[in-house]
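These protein sequence lines map, in sequence, to chains A and B.
Counting in UniProt numbering, the first sequence runs from 1 upward without gaps.
Counting in UniProt numbering, the second sequence runs from 1 upward without gaps.
None of these hints come from the bench; they were simulated from the model.
For glycine and all other residues, C-beta sits at the position ideal for the given N, C-alpha and C.
Where hints are given, some of them may not hold.
According to the in silico footprint, chain B covers these stretches of chain A (three or more CB under 8 Å from chain B) [claimed, not checked]:
(1) 76–88
(2) 92–98
(3) 196–207
(4) 280–292
To give an idea of the chain A side of the interface with chain B (calculated C-beta under 7 Å), a few residues [unchecked claim]:
(5) SER66
(6) GLY67
(7) ASP70
(8) VAL165
(9) GLY166
(10) PHE168
(11) ALA171
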Amino acid sequence: MTYAPSDTAPAAQGRAEPSLAPRRPRQRKIGQGGWWPFIVPAFALVAAFFTVPFLLNLRFAFTDWSGYSDVISFNGLENFRALISQDILWQAIKVTLLYAVLAMIIQNLFSLSMALVLQRSNRVNGFFRSFFFLPVLVAPVAAGYIWGAILAPQGPLNSFISLFVGGFDYAWLGHGTSALVSLAFVDAWKWSGLITLVYIAGLNNIPESLTEAATVDGANAWQRFWRIRFRLLAPAFTFTVVVTMLGAINAFDLVAATTRGGPGTATMVLNIAMFNQYGSGFFGMASSLSLVVTVLVIVLGLPLIAYLRRREVEA
Amino acid sequence: MKRFRYAVAVAAAAVLALTACSANNDTGGGDSGVAADGTATVKAKELTVWTSTGDQPYVREAYKNFEQKFGVKVNLVEITADGLENQVQTKWASGDRPDLLEYHATALFWALNPAKNMIEMSNMPYVQRSGELYKTAGSLDGKIYAAITVGPGLFGMYYNKKVLADAGLSAPKTYADLENICTTLKQKAPGVATIYEAGGSQWPTQIQILMNLAGAEKSQNYSGELLTKKATLDDPAGPFVAALTQYKKLQSMGCFNKDATTAKSEPSFKALADGKAAFLPQSTSSLPQLTAVYGDDLAKASAAIGWASPSASSTTSAWSPSFNGTWYVPKTGNADRESTALAFIQWITTDGYQDYLTSTKRFPALTGATATTPTGINQEFWNAYEADKALAVNANLVGFSAQFPTLMSGLLSGQYTPEQAAKLAQEALAQGAKSAHVTGW
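Next up, chain B with everything else stripped away, as it sits in the complex (with noise of 0.2 Å):
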């Protein structure tokens, strides 16, 4: 009995060593007080980057660049694309962290706690050089975490010329342009898809409702409305319910390919080309796929492929902070390892800089360089940018993001209503302002 008696007493003790583990929820790497003010050097020599295995080359350049010039051995994560989000967040919550973390600028970066897991960013010199970019992106209570390099992405849909004008018709500026589109193309090109929609893929399918949505938010502020609750998503009369009913209709009216419910977004931009499909719902972040199909040549790509921004009823495009290009600064606890994070923001945002943004084709983030004039489809990105623009309403409607995917694959499924889809996003909403802290909820 006394093996037995001791037997007992080694397995409880293992019990309180991993309860003890368990119940100790700091998994940060603590504040090791690096100055993020400008004045950090390069002590590390290598560095760990979590990053998307859909990241643009111009981010690897960028990298090599830094490798070079210092001598710091760039150590890249890959995540997968598909699912990345997901998976940046299991990892962080184990208490894995990179010294580098490229993400999202939206509130979803919120749930990776960064007031307590990331080093405060308000006092690097980029920010001065930023307008108000941070009033409404990379920024929590105030404070700043991310360093967002290149411009945002805009959010609207490509259109083949050709299909177009074979049929007699122009770009769209409304959606009720749209509906006319796929009207006149379902008599003239009956093979052509009007819009191609990938919901196989579920996250492109939130892409026309956030065009939809744009005018919205630029005139009456809707994501705030939203958060402070003067208004809400499953309102019958209001815009996100409109948005949801006026997609359904323009599936019902057999608008979208055949198969919208499976389609993967990777073929989508053959499809395009091909003609096989008039309208591409997609983010400009995405023209290095488009112009793959054309063998990476800008001009053909231009020349066969428009660019439309329409809303619901007028043509403002939705912005939404660049993934690529835009990093945070976790808190590790190895002062040499964040101090060179933060010396390669300072060297990125400043005597980088100009390269770097030469590399991207894109425009700015920060003053103080000159972007390439735009050209071909780039040019139109431009355009729309600069004639009208809001917000993706979603941006910073935490919670929202994480089932609004989910929600249009069943709206598009027949699963749900516009108004049952439009009442679960409320409820999404309120679950992740209630976790945020939000004011009122």
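Same shape as in the complex, but just chain A (with noise of 0.2 Å):
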């Protein structure tokens, strides 16, 4: 908003007729700061429900604040100490990054493969969308009971793989490791379908001249997908990325219907760590959980998204 044309226009041309400009202040008024009405609500909103919880609830996280008592005392880091003597606070950010890095790169994988395969708008693709549009739109308390009965060692998916291989019984959310990649697998069933049209928005707004030019070049289909549209696509990358990653960071409803955690801590990750304080009655040390969960998304989200968008400019 540099545009400012009544400030200038009528003394360059000689003349001092005022009213020849007539709406012309309003312009000068929102190119000069009268943009700020216009970004109060989100401000308010962001401050009221972020910002200002966030700000308050920082002090417990170095307090015994507890449902034994009424007393709250600061008691510096002793919190942190708590969580780490109890295995608790670099294993649930161990888990927490894990699967959120999982999480990210399933689903990006997945839904980028889909959004190739649908991309063109017909009949077939426009159902298919759809199609894999539905578990976005099933709650993920839900998709975890679900998952947790077709996972179970007597489920369906074993019943399928028993169909190969007699007798396949593996408890895939009872080991620790296959329960954590078990889970971001269903976090991607969850929200891919999402994610792939975020892609197919992307992918659409390439200009198909770019393609077409590169086959005439003699490009063939990966060259084309990796020099060209691949990198074309970094907005929506962007997007999905930090989406995805973050989103799993603030995981919680699909991992508490699932394992809870479990087993042991294997899926513990920083949400449900800090319901599990909480529902004890020991808040102090469930505020300090909630301010590494901010921490983390923060330490992690600035740079990432940094890095991304240095990346659409280069691209």
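Put the complex together from the two separate chains, hints included.
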């Protein structure tokens, strides 16, 4: 909004009739700072529902606040010490990061593949786009229970595998590694329909003339995808990577309904650990974990977004 | 700029208002001064009760009878049994209060800060008819907050009589017996899991350890030693590590169901009845779920299923105060409702007690009423309780109970060794004891 012709146009033309520019002052006002009313609602909502609660909660992370007493005392880093000594803090951070990275990779690989297959708008693709979008509409808790049953040792998945490998009864959610990977797959199943649509929109924004020109120049299908389409998908890629990864860092309901963080603490993401502490009356400890989640999102999110935005410019 | 400054001022005011709200930690209803001495009367038209979805039918019947007798509408707020403690704690922390709370009488209720949030009922008449119950349950710092109306539940094992008889075996008296039974069953009935473990539900994994430790609790007041720091859970030569080690040994011997790490509790009763498992660690409170498999026919269930209470080296039953029929009266600040809630407690423990006790088919927590003569498996519960018993070790180990199921799940899945799990359990106890300001921590 740097255009302010009313300031200069009459003078430049050597005329002094202010009435010739009756509506210009309004534009000038916006250009000089009249934008702020538009940002106030968003600012107020973020402030009221994120910033202020976060700032208020911050101090509790360093207190012994619990359901056992109404006296809240500052206890420094004692909560973090207790969380470390109980093998909760590092384990929850490790699990959360692993889960987030796995979920992000699986979701994006699957969604991008689906987008490439379903890019063209026709009836068949329209049906499959809707079909794969359906899990997005399923409540995460319901999805958790459904997949808990599917992945049970005597569940449908193992029954299917048993058709090829007799008596297959592996407990997918009963072993640490497979439980975490299974959850990441379930998360991908749940959200891929949405991410696929973002990729389809991104693919459709790429001018066909570019790929046609590459074809004329002798580029094969892989080269056309990797050298042209993938690079021009950068804005969509920024959105999907950030959303899937940061979304997974905040995972709770799907994990709660499927494994509750188990077996042991193998799938205990930070939010599950927080809920366990809060639900046991240790509010200060829960606040400490809440702070860790926020810090993790900021520490990972900002550099990731900065890197991906730079990549967009380069692309 | 004026408008901008105005907007900033409004935002700042909003922040201050929010700060003021959140800084106020006084979420309770305050003291309305209602006397809790048996003189309270019905004054409100309705009562809100927080209860569990897994509540027993006799408790629901008690509410209906109270409604009919006093014209008070009882509004039940059902909280899912799965994760009930977390949900109650969460609602409670937000300042939400029922007029009556049905809840545990163990250290779990200490996390609700009873001194501030609940009406003390030490002077209610039922206390005089409860023997020494409140020395170990429903109280904190010598003050009684709970009204425990039915006898305790026992932790032990249901067993399938036919499975054992077919293999020429009898019920175990100790955990050593259980190991021998497992060895025999694996030879004679390889398709049968000796013990059904429900690691997917987590909480049932505690039961075997509580059973195992009942002897230590009886002989050396183990939980008392732990709370006074005379013993530690992670002592390599202590009872807790020994119990975890024995549990792990049974698992490595192949004595648990194949899906022990993920199996849920709900199908376990049918698995036992169908002979797919020989033993099912459970609480006696779960009897209705067992009889449901037999069409609610207690005689039929009793003919097929027996009850065993093996401990490490004795036949000592671990008992725990009943959740069902244990009530608290939170301070709501509404004198009429508090009075009515206390009147309910007064009625259920006096005039309404005999009918109520009869409907429970359990042994009484209060004197002055005659229990129904136990039959079938109820008689076995009674015999086990009378023969030898000790309070479940975890009952007053504040903080420990919150982590215990997770640690057991980790032990079961191989994430932790018994020693590692015990070390983490000791840390959890230390955290809880500090939070609850237990002397010496």
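To see whether the hints hold, each was checked on the structure:
1. 76–88: Holds: 4 residues of the stretch 76–88 of chain A have a Cβ under 8 Å from chain B.
2. 92–98: violated (count 0)
3. 196–207: violated (count 0)
4. 280–292: The restraint on the stretch 280–292 of chain A holds, since 5 of its residues have a Cβ under 8 Å from chain B and three suffice.
5. SER66: holds (4 Å)
6. GLY67: holds (4 Å)
7. ASP70: holds (5 Å)
8. VAL165: Constraint on VAL165 (chain A) not satisfied, violated at 16 Å.
9. GLY166: With a closest approach of 15 Å, the GLY166 (chain A) hint is violated.
10. PHE168: violated (12 Å)
11. ALA171: holds (5 Å)
Checked against the numbered hints listed earlier, the structure breaks hints 2, 3, 8, 9 and 10; every other hint is satisfied.
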